[in-house]
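J.: For reference, the chains in residue letters:
2 protein chains.
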Amino acid sequence: MNFPLIINVLISVCAYLMAKRIIPAMGDMFIKANLFGQDLCKKDKKKIPESQGVVAGCIFLVATFIFIPIPFSYQQIVDKKEFPHEEFVELIVALLSICCMILLGFADDVLDLRWRHKLILPTVATLPLLMVYYVNFNSTTVIMPKIIRPLVGMSLDIGVLYYIYMGMLAVFCTNAINILAGINGLEVGQALVIACSIVIFNCIELGRDSTARTYQFSLYLIIPFLAVSLALWKFNRFPSKVFVGDTFCYFAGMTFAVVGILGHFSKTLLLFFIPQIINFLYSFPQVFCQVPCPRHRLPKYNPETDLLETSKTTFHLDKLTFLGKFFVVLFKTLHIIQWTEGKDGTITTNNFTLINFILYLFGPVHEKVLTQMLLGVQILCTCVAFIIRYPLAGYFYDT
Amino acid sequence: MNFPLIINVLISVCAYLMAKRIIPAMGDMFIKANLFGQDLCKKDKKKIPESQGVVAGCIFLVATFIFIPIPFSYQQIVDKKEFPHEEFVELIVALLSICCMILLGFADDVLDLRWRHKLILPTVATLPLLMVYYVNFNSTTVIMPKIIRPLVGMSLDIGVLYYIYMGMLAVFCTNAINILAGINGLEVGQALVIACSIVIFNCIELGRDSTARTYQFSLYLIIPFLAVSLALWKFNRFPSKVFVGDTFCYFAGMTFAVVGILGHFSKTLLLFFIPQIINFLYSFPQVFCQVPCPRHRLPKYNPETDLLETSKTTFHLDKLTFLGKFFVVLFKTLHIIQWTEGKDGTITTNNFTLINFILYLFGPVHEKVLTQMLLGVQILCTCVAFIIRYPLAGYFYDT
Numbered sequence: 000m001n002f003p004l005i006i007n008v009l010i011s012v013c014a015y016l017m018a019k020r021i022i023p024a025m026g027d028m029f030i031k032a033n034l035f036g037q038d039l040c041k042k043d044k045k046k047i048p049e050s051q052g053v054v055a056g057c058i059f060l061v062a063t064f065i066f067i068p069i070p071f072s073y074q075q076i077v078d079k080k081e082f083p084h085e086e087f088v089e090l091i092v093a094l095l096s097i098c099c100m101i102l103l104g105f106a107d108d109v110l111d112l113r114w115r116h117k118l119i120l121p122t123v124a125t126l127p128l129l130m131v132y133y134v135n136f137n138s139t140t141v142i143m144p145k146i147i148r149p150l151v152g153m154s155l156d157i158g159v160l161y162y163i164y165m166g167m168l169a170v171f172c173t174n175a176i177n178i179l180a181g182i183n184g185l186e187v188g189q190a191l192v193i194a195c196s197i198v199i200f201n202c203i204e205l206g207r208d209s210t211a212r213t214y215q216f217s218l219y220l221i222i223p224f225l226a227v228s229l230a231l232w233k234f235n236r237f238p239s240k241v242f243v244g245d246t247f248c249y250f251a252g253m254t255f256a257v258v259g260i261l262g263h264f265s266k267t268l269l270l271f272f273i274p275q276i277i278n279f280l281y282s283f284p285q286v287f288c289q290v291p292c293p294r295h296r297l298p299k300y301n302p303e304t305d306l307l308e309t310s311k312t313t314f315h316l317d318k319l320t321f322l323g324k325f326f327v328v329l330f331k332t333l334h335i336i337q338w339t340e341g342k343d344g345t346i347t348t349n350n351f352t353l354i355n356f357i358l359y360l361f362g363p364v365h366e367k368v369l370t371q372m373l374l375g376v377q378i379l380c381t382c383v384a385f386i387i388r389y390p391l392a393g394y395f396y397d398t
Numbered sequence: 000m001n002f003p004l005i006i007n008v009l010i011s012v013c014a015y016l017m018a019k020r021i022i023p024a025m026g027d028m029f030i031k032a033n034l035f036g037q038d039l040c041k042k043d044k045k046k047i048p049e050s051q052g053v054v055a056g057c058i059f060l061v062a063t064f065i066f067i068p069i070p071f072s073y074q075q076i077v078d079k080k081e082f083p084h085e086e087f088v089e090l091i092v093a094l095l096s097i098c099c100m101i102l103l104g105f106a107d108d109v110l111d112l113r114w115r116h117k118l119i120l121p122t123v124a125t126l127p128l129l130m131v132y133y134v135n136f137n138s139t140t141v142i143m144p145k146i147i148r149p150l151v152g153m154s155l156d157i158g159v160l161y162y163i164y165m166g167m168l169a170v171f172c173t174n175a176i177n178i179l180a181g182i183n184g185l186e187v188g189q190a191l192v193i194a195c196s197i198v199i200f201n202c203i204e205l206g207r208d209s210t211a212r213t214y215q216f217s218l219y220l221i222i223p224f225l226a227v228s229l230a231l232w233k234f235n236r237f238p239s240k241v242f243v244g245d246t247f248c249y250f251a252g253m254t255f256a257v258v259g260i261l262g263h264f265s266k267t268l269l270l271f272f273i274p275q276i277i278n279f280l281y282s283f284p285q286v287f288c289q290v291p292c293p294r295h296r297l298p299k300y301n302p303e304t305d306l307l308e309t310s311k312t313t314f315h316l317d318k319l320t321f322l323g324k325f326f327v328v329l330f331k332t333l334h335i336i337q338w339t340e341g342k343d344g345t346i347t348t349n350n351f352t353l354i355n356f357i358l359y360l361f362g363p364v365h366e367k368v369l370t371q372m373l374l375g376v377q378i379l380c381t382c383v384a385f386i387i388r389y390p391l392a393g394y395f396y397d398t
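Chains A and B are the protein sequences, given in the same order.
Residue numbering for the first sequence is 0 to 398, as defined by numbering that gives the first Met the number 0.
Residue numbering for the second sequence is 0 to 398, as defined by numbering that gives the first Met the number 0.
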């Protein structure tokens with residue numbers, strides 16, 4: 000068994016216990032600082048502390064800072080190897096990117112930043128990461144699936160495009176979790192499922208080759224992340240006693256992007272994001288303003304039944320852009336949106352989010368059940384991801 | 000001339016221009032987020048955006064992120080050396096520590112953290128820094144002054160104490176600027192003077208040995224810092240249009256500590272902090288609660304004369320602790336406090352800050368003049384520091 004990994008687990012347990020104690024204790028401080036929200040899906044509108052992701056993020060940073068010396072001094076004492084500067088810088092730069100995103104997320108929660116900042120800043124925060132990738136690996140060659148090899152060859156060096164892909168991965172991961180959100184426990188819940196999937200994947204790979212340092216590296220970061228998220232989940236799940244804010248979504252997204260990039264499994268990582276990708280594609284017409292998008296797209300709470308219903312958007316088909324019309328008709332043809340035509344020619348559909356889609360399929364349900372359903376979808380998709388990654392990959396790649 | 004340094008200056012100029020544009024534009028966003036203060040030394044009490052240091056800090060991070068690749072790719076292309084992982088990790092870890100402190104400072108401004116957090120968190124934020132120091136240098140030997148060499152030898156290896164010293168340096172630098180504050184432009188002004196002193200010192204040392212990479216490293220960080228601080232100064236100087244918040248003090252303090260530690264001139268750095276050290280020693284009885292300390296110790300504004308006067312604290316000599324009594328009597332004997340005895344035995348003195356001490360010496364003055372006086376003291380002390388560092392050091396050390 001791997002000694003630094005054991006220490007990592009122990010430190011993570013301490014981080015979990017610490018987070019479990021600190022998060023509720025900080026609640027009043029956040030409310031006093033005007034950082035609170037009201038639960039739109041509840042009868043009583045009491046103040047709930049917002050953006051507690053920053054507490055989890057800080058505890059994560061402290062835990063990893065304390066952990067950093069362990070694997071390196073262990074290597075020097077036991078293996079008598081020279082100090083592995085390349086590995087060390089990877090860990091440091093990973094923390095730098097994550098720390099930047101926590102800062103940005105918290106600033107966003109406090110200041111309500113504009114959309115362009117949310118796209119520019121994650122890109123900038125990945126610059127040092129890409130630099131380390133360039134120095135340590137600089138492998139921009141993509142192995143091609145067997146089917147298209149006769150056309151393009153065994154592999155293709157896509158050069159700078161690979162760096163653009165990685166930069167966009169970080170932007171995608173940070174925002175993807177952020178837009179699949181709005182009901183109690185969903186943000187943290189999905190992050191927990193993804194983190195567990197990564198842990199399982201890394202363990203499988205380490206089982207095949209116990210010296211694969213990229214997977215060890217990934218575990219060093221994901222295990223403390225899992226610990227603090229678990230503590231946050233205790234308070235964020237239904238009924239929420241704290242909200243996690245953009246801070247948590249950014250923190251989680253960047254952690255995933257970092258381990259995916261420096262752990263060399265960015266494609267596998269994307270497989271764990273299937274529900275987020277589906278949600279993103281489904282949301283596309285509203286997020287990019289082709290179809291009217293209300294300020295909040297979260298489900299509508301019905302205080303009489305205590306159940307959640309789909310929230311709606313209303314528009315005139317003629318007033319949509321060409322793209323908007325195309326998507327709406329496409330979605331209607333595929334029967335993936337609720338569709339009601341008014342007498343005056345207005346059309347009412349559900350808002351285009353995975354949450355509303357689930358409600359459209361399974362009717363009004365209780366908030367707790369809805370979260371469970373969505374997390375069920377996430378787990379199901381993880382199983383699909385593993386099937387694609389292991390048995391199916393053999394058909395497309397040499398394994 | 001050093002090519003990466005020229006690029007660094009160019010990037011810093013861009014950072015300055017960007018900061019100059021963004022800082023005033025963000026003002027309303029901060030006020031809306033409840034991050035504002037009222038100027039206690041002005042007649043009109045309008046809302047002034049607070050903790051704008053976070054904007055300067057973020058622009059600093061973006062500028063350095065963009066700069067990072069330059070020196071390293073330059074070395075590889077021109078000098079054809081192997082990639083210098085040690086130097087690279089130094090730059091990354093420096094940014095990690097600074098980024099952590101910006102996050103902590105901003106959290107402090109928003110949430111009003113407790114005193115213990117302010118001591119624990121900078122210590123934790125320096126852990127990775129100390130780890131890099133351990134790996135890259137691990138020199139814990141202190142050269143002794145000539146006078147005491149017969150007693151302890153040429154040099155002394157103080158081992159782990161050296162790491163404790165460096166950890167405390169970071170805590171000191173971050174808090175020292177924070178307690179010498181309260182009037183328009185003072186925080187940024189003193190940081191500018193210290194940063195200029197460091198630039199001059201590094202240039203002198205680079206003039207002696209142009210390959211001294213530790214001084215280059217220091218300049219790579221200090222020049223962008225100088226740029227964003229200069230932009231902040233434009234808005235923070237009398238009459239302040241923005242306040243900089245704890246964020247800036249932490250950001251500045253950590254930047255200084257980082258360059259001092261990794262640039263190997265922590266003792267010289269402390270010479271540039273003479274006014275802060277004096278202020279700390281003078282404040283000691285109040286900061287550590289040996290003498291009653293009001294919530295604000297900044298000077299008292301007299302709206303009739305538009306001048307600032309010393310602010311006061313009142314106590315019974317008998318009710319002080321032993322230490323408190325000792326300091327008060329010591330200060331009185333040295334004539335460095337105002338001393339008024341009331342009929343009922345109460346004693347009134349000025350609050351123990353350098354700002355009040357200057358007011359005690361030179362009487363009520365205008366806020367603008369007071370800042371100029373204090374910055375004058377800072378510049379004077381820098382001159383003294385250079386005299387100690389250069390002509391005088393020869394008497395104590397072999398140079």
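Where hints are given, some of them may not hold.
Which copy is meant is left open, so a pair is good if it fits within one copy or across any two.
[What the hints assert, rightly or not] Result set (DSS-like, lysine-lysine): computed pairs, CA atoms no more than 30 Å apart in a straight line:
1) 299 - 79
2) 233 - 367
3) 324 - 342
Calculated directly from the structure, the hints in this document are not laboratory data.
J.: Look at each hint and say if it fits the structure.
T.: So, going through the hints one by one against the coordinates:
Taking identical chains as interchangeable, the C-alpha atoms of residue 299 and residue 79 are never at most 30 Å apart, the minima being 61 Å within one chain and 63 Å between chains. In this assembly of identical chains, the alpha carbons of residue 233 and residue 367 lie at most 30 Å apart only when taken from the same copy (14 Å versus 53 Å across copies). For a Cα distance limit of 30 Å, the shortest separation of residue 324 from residue 342 inside one copy, 19 Å, qualifies, whereas the shortest one across copies, 86 Å, does not.
Going down the numbered hints, you'll see the structure goes against just number 1.
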